[in-house]
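*Asks:* We have chain Z already, so just place chain H on it with the hints.
Number of protein chains: 2
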Amino acid sequence: MSKLTAEQVQRICDKVDRNFAKQVELLKAVVSVPSLRGAEAPAQHLLEHELRSRGYSVESFAIDETLVGKHPAFSPTTVSYDGTINVVGKRAGKDKLAKSIAFNAHIDIVPTGAREEWTNHPFEPSEVDGWLYGRGAGDMKAGLSANIFALDALKDAGFELRGDVQIQSVIEEEITGNGAAMMLALGHTADVLFVPEPTEETLVRANSGVLKFGITVYGIPSHPKNPELGKNAIELAVLVMAHLKKLEERWNAERLQKPLFAAIPNPVSLTIGTITGGEWIASTPAQCRLEGRVGFYPGEDPQARAAEFERHLAEAIQADPAFEGGRAPVLEWVGVMHAGYELAPGSEAEVLLTEARERIDGSKLEAAVMPCYLDAAIFAVHANIPALVYGPIAENIHGVDERVNLESLKRVTKTMAVFAAEWCGFDDTL
Amino acid sequence: MSKLTAEQVQRICDKVDRNFAKQVELLKAVVSVPSLRGAEAPAQHLLEHELRSRGYSVESFAIDETLVGKHPAFSPTTVSYDGTINVVGKRAGKDKLAKSIAFNAHIDIVPTGAREEWTNHPFEPSEVDGWLYGRGAGDMKAGLSANIFALDALKDAGFELRGDVQIQSVIEEEITGNGAAMMLALGHTADVLFVPEPTEETLVRANSGVLKFGITVYGIPSHPKNPELGKNAIELAVLVMAHLKKLEERWNAERLQKPLFAAIPNPVSLTIGTITGGEWIASTPAQCRLEGRVGFYPGEDPQARAAEFERHLAEAIQADPAFEGGRAPVLEWVGVMHAGYELAPGSEAEVLLTEARERIDGSKLEAAVMPCYLDAAIFAVHANIPALVYGPIAENIHGVDERVNLESLKRVTKTMAVFAAEWCGFDDTL
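Same order as they appear, the protein sequences are chains Z and H. Residue 247 in our numbering sits at position 247 of the first sequence, with consecutive numbering throughout. Residue 393 in our numbering sits at position 393 of the second sequence, with consecutive numbering throughout.
Same shape as in the complex, but just chain Z:
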């Protein structure tokens, strides 16, 4: 494996610096497109254009719904995937024996939450004091820009990579992971996967397995003048939440046996994300719907955890007199049902990334656990591909005033470029 000289590293960094205004411009353009679930197409078309104009060979494809429930990488979905778009741009290296790299990012974002709480419009990105604000700026459109501009810098600096490179832009990371699953199912893999999620410039050592559930709780509607004739579905949903909290406690207690997770106070993080119940202010509500997510530990079977969840809920309902005589709550799996992964320390990829970071930043690469779902798990679990999840400093992702630090993004882009050159091998044409 050939290493870059200090001069070569400097040349790459200079190009990242020189291109950075353009990188931020692209980042802003992508943040301006609200690529919420089901509305990712305009942003994906923008990406297709960016990749084609750089000479990548671009493929776009929908998620194949017939694979959901068949292929183990896919998770349940409640929506149709007709017309969805995943994008991959590829550039072949000239050395078929050289190692390949796939840069991956997801284009989908989560909703803004209470928009009036945002200082500026979440889809009109604003740059203030070295931070770029906007929904998705950190999670993970900054990383997406780094995927493109790391390779741009190498090219502009006169380097040709020997191994194959690809840039993936997938949908559905925030809900099912089925965009990444589709990449995998179509064979868009490589010798290493690099995903610049907003990790605060730490390397993800492990992530959580995640289940996403929907629970419909049934009441018995009545007029409030006779509350005793009804069962309030909202009040029953509150009891369901309390029963689920006990499951969270139990699963959290298991962390003490998991060295990587023992120090995290709430790795399970059973989160009720949405609730909708009742149809009329003055009727005892007939239905209440809860949706949420729950984490578990890498190496565990998501189906087994799902079965445990189902059993816990059924037993708790069974034992709770408030549910007697009513229709039992109905549980559905509505998104990610996937295992977590661990990145074994000391891999060649990690060593190379550690060195790259030191050369850019002078500081040591730290690894950390990220207790949430990551698309990297699709590739790590089902294809045993080393997955480096490493990206810029961002704040308030999924929150209000999400922002990404631009100096951090620049450092990460440089690190990624240096890593890619040394991983794939390079020819210096200058």
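Honestly, I wouldn't trust all of these hints.
[Unchecked claim] Straight-line Cα separation of at most 27 Å, DSSO-like style, residue types lysine-lysine; simulated pairs:
no. : chain 1 : residue 1 : chain 2 : residue 2
1   : Z       : K258      : Z       : K246
2   : Z       : K245      : H       : K246
3   : H       : K258      : H       : K245
4   : Z       : K246      : H       : K246
5   : Z       : K245      : H       : K155
6   : H       : K245      : Z       : K246
7   : H       : K96       : H       : K22
8   : Z       : K155      : Z       : K96
9   : H       : K90       : H       : K22
10  : Z       : K364      : Z       : K258
11  : Z       : K155      : Z       : K3
12  : Z       : K94       : Z       : K3
[Unchecked claim] Pulled a few chain Z residues facing chain H out of the computed Cβ check, cut under 8 Å:
no. : residue
13  : A114
14  : P221
15  : I234
16  : G273
17  : E355
18  : R359
19  : M370
20  : G399
21  : D401
To be clear, the hints were calculated from the coordinates, so they are not data collected in a lab. Bear in mind the structure is a predicted one, so any value in this text is a computation, not a measurement. Where a beta carbon is used, it is the ideal one built from N, C-alpha and C, also for glycine.
*Replies:* Coordinates of chain H only, in the frame set by chain Z:
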């Protein structure tokens, strides 16, 4: 006051019987029109037509929004009243000294709740074993049909009423009472108000004052990988519900000092009717909205009760560490803010109704408390008009498979006709 002879009563009853198929036909037609809030116009136009075709002088008018917050009969609203329709049909009696009567019904209905739980379509009324099924069949389109057909029977039986009669069809009973308030504000009153709500053929002795509230609870959104950085608005809303339950307990305890309410287990019936929270399954939710209603005792000032509610909520939030550092929940009044009424026993109207019922049914009139809002309160509280709320047997109002008993409706219609004749005075033209 002249009394009907047994023959005259029989003649009236015969006409109710003879017209009953037509009455049920009209009832079905009105139930077929889903006169949900904001969509009452088609049903009101149908009523206008029915009243005009019978020779009533018909007036239709919107609720005047400028009165909301000024006139004490009006309650807060969150919707515009542009284009709303209230209908009143009047027929003048020839004796200006004779007593007048206003028959009142509300045309608005509440939503169906879980439609799949209904045996038949809630807006395709079906007659099974002497019951008519459909949303609004009992509450209170059956009563609305009785208003029309009681007076039809008198006319068909050859009676001319000496006093003025009117038939009112109002909107907004299920949410603000502002339709009835508008009737009152325009002076559409009479010496007695008759409202055939589904009371199981009992007379309403008293009802509750009611407040309708909306509470927006604010969380701090975050990514579930860092639950400690966020505050889950749904979980905070659950705490708000628990704090409100304490208010319900306290207000319910006061019933022991209220002879009419002491035997009702939960007259306050603080009901959370709807909840909506969160925007994404895997984000800690930023907001959660609760809407509901709470009752209190007649004779009490709704503003004072509202202030007590506000104080209770503010103090509970203040004392609850879970809300520390977050934005305090915001309370709004979104519907009825109105006092209850009591019908003093022994009024001339009640005596006459008691006698009418005995002549039709042979049974004694029972009085009962109805712990909910009723439009009758508008007229009773602000204009001191004796209000008779007395109507048919119905089941599952605001619930699933709402139904009204048709034999009961027939008895009520007869009783109303006899009452109207004796209250207003009559000339027998046969």
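*Asks:* Indicate, hint by hint, whether the structure satisfies it.
*Replies:* Tested hints:
1. Z:K258 - Z:K246: holds, 19 Å
2. Z:K245 - H:K246: The given pair, whose Cα atoms are some 23 Å apart, holds under the 27 Å limit.
3. H:K258 - H:K245: holds, 20 Å
4. Z:K246 - H:K246: OK: Z:K246 and H:K246 at ~24 Å, within 27 Å.
5. Z:K245 - H:K155: violated, 66 Å
6. H:K245 - Z:K246: OK: H:K245 and Z:K246 at ~23 Å, within 27 Å.
7. H:K96 - H:K22: The given pair, whose Cα atoms are some 32 Å apart, is violated under the 27 Å limit.
8. Z:K155 - Z:K96: holds, 19 Å
9. H:K90 - H:K22: holds, 21 Å
10. Z:K364 - Z:K258: holds, 25 Å
11. Z:K155 - Z:K3: Within the cut-off at roughly 17 Å; holds.
12. Z:K94 - Z:K3: With a Cα-Cα distance of about 18 Å, the restraint between Z:K94 and Z:K3 holds, given a limit of 27 Å.
13. A114: holds, 5 Å
14. P221: Given a least distance of 4 Å, the restraint on Z:P221 holds.
15. I234: Interface hint status for Z:I234: holds (5 Å vs cutoff 8 Å).
16. G273: holds, 4 Å
17. E355: This hint is violated: Z:E355 lies away from chain H, its Cβ roughly 28 Å from the closest one there, beyond 8 Å.
18. R359: For Z:R359, the interface hint is violated, since the closest Cβ of chain H sits about 29 Å away, which is over 8 Å.
19. M370: holds, 6 Å
20. G399: holds, 4 Å
21. D401: violated, 10 Å
Comparing the model with each earlier hint shows violations of hints 5, 7, 17, 18 and 21; every other hint is respected.
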